[in-house]
Amino acid sequence: MSLKTETMVLNMGPQHPSTHGVLRLELKIDGELVLDVKPHLGYLHRCFEKHAEAMQYNQVVPYTDRLDYLAAMGNNWGYALAVEKLMGIQVPERVEYIRVIVAELQRIASHQVALGSNAADIGAFTPFLYLFRDREHILSIFEDTCGARMLYNYIWVGGLSHDIHPDFVKKVKEFVSYYKATIIELDNLLSYNKIFIERTANIGVLPLDTAINFGASGPALRGSGIPFDLRRDDPYSIYDRFDFEIPVGKGLQGQVGDCWDRYYVRVREMEQSLRIIEQAIDHIPEGDVQSAIPKRIKPPKGTVYTRIENPRGELGYFIISDGNTNPFRVKVRAPSFVNLEVLGELCKGHLVADVIAILGSIDIVLGEVDR
Amino acid sequence: MKNAEEIFNILKDNFGDAVIALDKDTPTEAVITVDPLKIHLVGEFLRTNEDMMFDSLMCLSGVDDANGKKVKDADGTDIIEGGTLSVYYHLHSVSLKHKITLKVSAPREDAKVESVENVWKCADWHEREAFDLVGIKFLNHPDLRRIMMPYDWEEGSHPLRKDYKNPEFYQGMKVPY
Chain H
-15 MSLKTETMVL NMGPQHPSTH GVLRLELKID GELVLDVKPH LGYLHRCFEK HAEAMQYNQV
45 VPYTDRLDYL AAMGNNWGYA LAVEKLMGIQ VPERVEYIRV IVAELQRIAS HQVALGSNAA
105 DIGAFTPFLY LFRDREHILS IFEDTCGARM LYNYIWVGGL SHDIHPDFVK KVKEFVSYYK
165 ATIIELDNLL SYNKIFIERT ANIGVLPLDT AINFGASGPA LRGSGIPFDL RRDDPYSIYD
225 RFDFEIPVGK GLQGQVGDCW DRYYVRVREM EQSLRIIEQA IDHIPEGDVQ SAIPKRIKPP
285 KGTVYTRIEN PRGELGYFII SDGNTNPFRV KVRAPSFVNL EVLGELCKGH LVADVIAILG
345 SIDIVLGEVD R
Chain L
73 MKNAEEIFNI LKDNFGDAVI ALDKDTPTEA VITVDPLKIH LVGEFLRTNE DMMFDSLMCL
133 SGVDDANGKK VKDADGTDII EGGTLSVYYH LHSVSLKHKI TLKVSAPRED AKVESVENVW
193 KCADWHEREA FDLVGIKFLN HPDLRRIMMP YDWEEGSHPL RKDYKNPEFY QGMKVPY
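In the order they appear, the protein sequences are chains H and L. By our numbering, the letter at position 366 of the first sequence is numbered 350, and the numbering carries on one by one without gaps. If you want our numbering, it's the position in the second sequence, counting the first as 1, plus 72.
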């Protein structure tokens, strides 16, 4: 005798603690087995691109903060870089160094949230608290620097909103030496934890060719084993001066490209960010951080597409200028938006509980998915 | 690694009239204009040809060019008649490390562009977004639904059009607040 089974549709979200915001996943399930996942977006859509058209170039910067709100520095920077490229602005050395340092600090802070919430989603709550404790150091450095802890509006077109705090260098150095020692704690608590490995290894395997064809970027792509990092492969700013490695997934606990690999790439990336900060922090030249800020931003007619390596992957800004003080069109190529597309492929054939682990390992921020 | 002019010439040899123009007179990037109904063939060629290997579609953006005639609507606001809508494709080759920008333009009233979803899978949601916000119809797209706006948003109403007007009500709720 065989039991009759029926496929069922289950809505996960929009109000679900592990969807990291307001995302609705329509799961087609057969018992506990996921047959298909259809994400429904737009619950956080707030017309960023339409707003940008109605504003002057410099007024758009605070809006970019709200895209990927866990990595606001990177968003500011990507936008500033695009406008600077269009106008041909060369920013002072001091600004470049400060931008690199804050962006790398931001990468660490963002990965801490990603790793912590990934672990918390699948039941390990303690690492979350440890990671947030350490993130606090970075946020307080940012607070000293620009007054905000989350949405900074710090990197402007041609410069920065404030010079760094007199204690900045000292505090960053303290943090680097502190966190270098503390990161081992994370490895012991979580990375090599038997239960965590059981939950993430061999789950949601993303093959390399699928990853490239789906346009995945950032840790989601590198977890599949290719060392593709825009900081080295399409260098911007002064990243060519620093010596750092690009961690890739090697399948240490299972197959290459599984959830554990994506997790582990982030952990090792934090170390590399510390390395970059160490190399940069002693060489910040003197100077005025606002000397290159144009009085009136009026780029020539034309289009520009620039991309930077944000914690979640390739953040691109496509700007069309019609020669006015407002952008004619701003399109954001958000890494989370593109990475989320591959979710359906990853979840097929796994259990419902694994969907949570997979979603956490892709690490999306709905602010930039929905824009 | 090839520059824009070489790529343009190779495309011109292979596709003739379907490859329309090369615009080099831009501050940052050269743009190749292509026939909107042949873009999927050009894309497939660019992805698979050994000298091209454009395996990654970085970005796909729908744009309202707003280059038509401005006329007054019944209630006194400007609407645009005629002109074009465009789609920009930013391509990059991971192995050969070169980039190129393609552009297609289609008439605003009935903008039809072939989908490149078959060529680069990541075009799927980008095209849905361009359809949703700008109103470009992608032919042969497997699942062309709205993505950002609610599924039941007023038909034919696309917010990123330059002459977009908010509807007064959505599902009985007042929209402008």
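Treat the hints as calculated values from the structure; they're not laboratory data. Note that beta-carbon positions come from the ideal geometry of N, C-alpha and C, so glycine has one too. Heads up, a few of these hints could be off.
[Stated by the list, open to error] So the derived list for chain H, only partly shown, Cβ under 10 Å to chain L, looks like this:
| hint | residue |
| --- | --- |
| 1 | K(-12) |
| 2 | D20 |
| 3 | C130 |
| 4 | R133 |
| 5 | P191 |
| 6 | D193 |
| 7 | T194 |
| 8 | F198 |
| 9 | I304 |
| 10 | V322 |
> What are the numbers of the hints that this structure violates, sorted from low to high?
Replying inline: 1, 2, 3, 4 and 5
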